[in-house]
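Next come the chains, spelled out residue by residue.
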Amino acid sequence: MSKTRPEGATALVTGASKGIGAAIALALAEDGWSVGVNYRSDREGAERTVKAIEEAGGRALAVGGDVSDANGVADELFGSLESELGPVLALVNNAGITADGLAIQMGDDDWNRVIDTNLTAAFRMTRRAMRPMIKARYGRIVNIASVVGPRANAGQANYAAAKAGLIGMTKTVAAEVARRGVTVNAVAPGFIATDMTEELPDAILDAVPAKRVGTPEEVAAAVRFLASDAAAYVTGSTLFVDGGMSA
Amino acid sequence: MAEKTITPEAVETTVREALAQFGPEPEEITLDATFEQLDVDSLDLAELSQIIEDEYGVKLKGEDVGKIKTVGDAVDLVVNRAG
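Sequences listed follow chains A and B, in order.
Note that the first sequence covers residues 451 to 697 in this note's numbering.
Note that the second sequence covers residues 128 to 210 in this note's numbering.
For the record, the hints were derived by calculation from the structure and aren't laboratory data.
No experiment lies behind these values; they were computed from the predicted model shown.
Quick reminder that beta carbons are idealized off the backbone N, C-alpha and C, glycines included.
Think about it this way: if two alpha-carbon atoms lie no more than 25 Å apart in a straight line, the pair counts; the simulated DSS-like pairs of lysine-lysine are: (1) 585(A) - 194(B); (2) 585(A) - 186(B); (3) 585(A) - 131(B); (4) 196(B) - 186(B); (5) 585(A) - 196(B); (6) 186(B) - 131(B).
Take a look, some chain B residues computed to stay more than 12 Å from chain A by CB distance: (7) 133; (8) 137; (9) 158; (10) 193; (11) 196.
Simulated coverage check for chain A against chain B, where a stretch passes if three residues somewhere in it have a Cβ under 8 Å from a Cβ of chain B: (12) 580 to 586; (13) 621 to 630.
Given only the sequences and the hints, what does the whole structure look like? Please build it.
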């Protein structure tokens with residue numbers, strides 16, 4: 451039987467100072483989660499997200515930290531949220547970067563930093579998150595993947611590898627912890643109107659059956675569902691929010 | 128949370144209580160019982176390690192936990208690691 455979300459449950463959203471992460475933080479707060487709004491450098495953006503949540507009647511806290519840092523950042527983030535807001539029973543691995551270039555010219559550095567932030571950091575955060583979730587017999591982990599990974603996108607070998615890896619990790623971790631009431635899913639956005647996609651040419655919409663870009667709120671709605679009690683039996687899945695691009 | 132003092136008796140109680148949460152009947156959990164008999168699997172043992180760490184501050188390595196076969200082995204592992 452599925453459980454209902456415990457009182458005071460907190461959701462940590464990485465990379466939530468703007469764009470998709472900020473929209474996810476707002477949507478989860480609207481759904482009753484206390485929210486940890488993680489940022490790396492854009493403290494002002496994170497504070498704006500917190501303010502918007504508070505103005506809507508929710509609870510939130512900005513928590514700084516570079517998730518790609520191997521030295522205990524996960525423990526610091528979880529520790530401060532556990533003491534300030536409540537047990538972290540939802541984790542949204544959203545923080546991501548790009549460093550595009552054709553594979554033939556891509557340096558190790560660009561390969562490594564994209565893998566570190568988009569994949570390895572998500573693993574470390576997930577590993578830390580599962581501890582309180584398993585104890586509570588309740589947890590929701592949502593990894594923000596991409597249509598890039600399941601499908602090709604020239605110039606993004608590093609990003610595609612990280613995002614495809616994230617989907618693989620999602621499935622396996624989901625299988626490991628399913629019987630403890632912890633679900634692990636991925637959301638794979640297509641082209642979404644954010645700073646990261648600002649410079650894409652209009653011709654890119656030819657590949658999108660819906661003939662428009664998506665909004666951060668449309669991605670956030672999918673995350674909100676996967677984090678909800680209603681999605682207790684959904685685990686190991688990838689929900690595409692891409693206007694039909696991967697159809 | 129204040130950490131408990133490690134004695135074989137205290138650890139045995141903690142291990143028995145933890146394992147009972149995972150399904151086996153309390154009376155089945157004897158020191159000689161194997162995890163296989165009790166239907167206790169690797170995720171259960173990972174959670175047991177977490178409970179031990181929270182209560183006693185003793186960090187068990189995955190490779191060590193992977194080698195233990197019985198309830199008594201688990202108690203010995205914790206007591207020896209502390210000693």
